[in-house]
Every structure is written in C-alpha cells, then in structure tokens.
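Here are the chains, one letter per residue:
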Amino acid sequence: MESLGIIVAFYLLSAIAVGGAIGVFLASDLIRALAFLVLSFVATAGLFLTLSGDFIAIAQILIYAGAIPVLIVFAVMLAPLAGRNNGNGLYLVPGLALGAAVAVTVAFVAVDVEWNELSGALLAERDFATTANAIGNALVGRYVLAFEIASVLLLAALIGAIVLVREDEAT
Amino acid sequence: MTVDLAHYLTVSGLLFGVGISIALAKRNAIAVLMGIELMLNAVNLSFLSFSRFSGAFAIKDNPLDGHVFVVFVLTVAAAEAAVALALSVLIYRRRETVDLDRINLLRW
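Chains as they are written, first to last, in my numbering: chain X, 1 to 171; chain E, 172 to 279.
A couple of the hints might just be wrong.
Each pair of labels, with its calculated beta carbon distance range [to be verified]:
hint, chain 1, residue 1, chain 2, residue 2, range
1, E, R266, X, N137, 44 to 50 Å
2, X, A97, E, R264, 32 to 38 Å
3, E, L261, X, F108, 39 to 45 Å
4, E, R266, X, V140, 30 to 36 Å
Keep in mind the hints are simulated off the structure, nothing from the lab.
Even for Gly, the Cβ is constructed at its ideal location relative to N, Cα and C.
Same shape as in the complex, but just chain X (with noise of 0.2 Å):
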C-alpha cells in the first residue's frame, strides 16, 4: 500500500470516479449522464483493484458498466419523447442539501474515528494471489442459503420484468 503507483492511482482514479459522478448529475442529456455514469463505474473498478479485489472488479466492469448501462439505453430509446430530458425536479435544493450533508458526515466520522486497521507489514501479509477461489468456496461454503436466495431473487426478477412489460395480445 505504501508504493507510489497505488497512491498515484488511488487520487486519479478517485478524482474520476467522483468527477464522473457529478457530471451524471450536470449533463443534460440522458445518454451523456450514462456515458459520465459509466466512466465513474469503471474508475471504481480501478479503485477495487487497488484495494486487491480483482474478482470484484472484473464483475464491476461486466455488470455496472456494462449490463446495467445497455439496460438503461434500452429503457432511454423505448421512451423516445420524455427520455432524454435530465432536467431537475421539485426538490433540487433539498436534494443537494441532504447529499453534502451525507458527504461531509460521512467524510468526518472517516477522517475523526481511529479505525483499528491495519498498515505495513500486516496489510502485505493479507495480501492475496487471487481472490477469486475464496470468494467461490465462501459462496458455496458458508453462505450457500444466501446464494441460492440470490439465484430465486434473479429468477423472480427476470420473470417479473418480462411479465410487466408484455404487450397483452388477447385483448
């Protein structure tokens, strides 16, 4: 954790990840606020690489910035008329006001709290090859009724989209 390039790529990749995020909320076309949505998802998959997650980052880049987005340009183009407009609502000013208040706290409690973390020679100790091989035996292994919730979740999710979306032919 202590080499140059992590902390270099660390406040690059967080500089785009949160300057992406801000331009979804400046653009003022849908399409461009995706394309900033997808720039942050990716400069945060950087950031999980640096953290040593490479599994996690690998499926970040599949599903955020890759499954998620083609859903909401389908979503975007099926709604030609209203779709493209990012304009703000009613509540613009108490929306900016609760998010700096959520950023500051969180940023705060981050900054003031002394974490018990680990450093040095104990974090390079943790250090993985990859991760991939725990994370499958954890899925399998401890958490397998969670897992198999998650599979009944997605089928039912599948189902359900398709079923609300279905041009009634009988009538």
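Add chain E to chain X, keeping to what the hints say.
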C-alpha cells in the same frame, strides 16, 4: 504519505452524497435509477475497503466476507435495475411520461 482506510471511506462518502443528490433532485425516473446505482456502488467501495484494511478479525477468519457481500449487492442491483426499468417503460406506455413530478396518481 500513505493511502489508508479513511481515504477510501471519504471517496465512498462523496460518491454516496452525489448519488443521493441525483436520486432526490432529478425529474427523470431513469436518472433517479442512476443515482441509486451510484449509491450502491459507493457502498460496495466501503465494503471492499473495510474488508481490505480490517484489523478486527484474525487473518484466517473469513478474510473475504466483504467481497461476498459485494457479490450479493451486485446481484440485487442487477435485479433492481431490470425491474425498475421495466416499470419505467410501463409507466411511459400508460402515461406518455417518465417525469416523476407528473406521476402523481397516488397523491390525495
């Protein structure tokens, strides 16, 4: 100069704040969904950083629990995005708009 847990949590808090602002301030239902995805993503970042830096657990005691949590969050986010976008397409088909300020069917 090092990068430690507080730095990652600060970035996570910033992302969550921007996400909550987008989710509350935007008028378009799909933009609100983008804000929610940003918030989930910020939570994933804090999960992973706690998992990486955690000194509270012994080294051999399930060191990757945070990663497993993130896998479940990714699953739920994908399911939620699919259902939410199906709903917005459905609302557009019925009401010709996805403007949340004009979807006030449940208002008294």
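Cross-check of the supplied hints:
{"no.": "1", "hint": "E/R266 x X/N137: 44 to 50 Å", "result": "48 Å, holds"}
{"no.": "2", "hint": "X/A97 x E/R264: 32 to 38 Å", "result": "35 Å, holds"}
{"no.": "3", "hint": "E/L261 x X/F108: 39 to 45 Å", "result": "42 Å, holds"}
{"no.": "4", "hint": "E/R266 x X/V140: 30 to 36 Å", "result": "45 Å, violated"}
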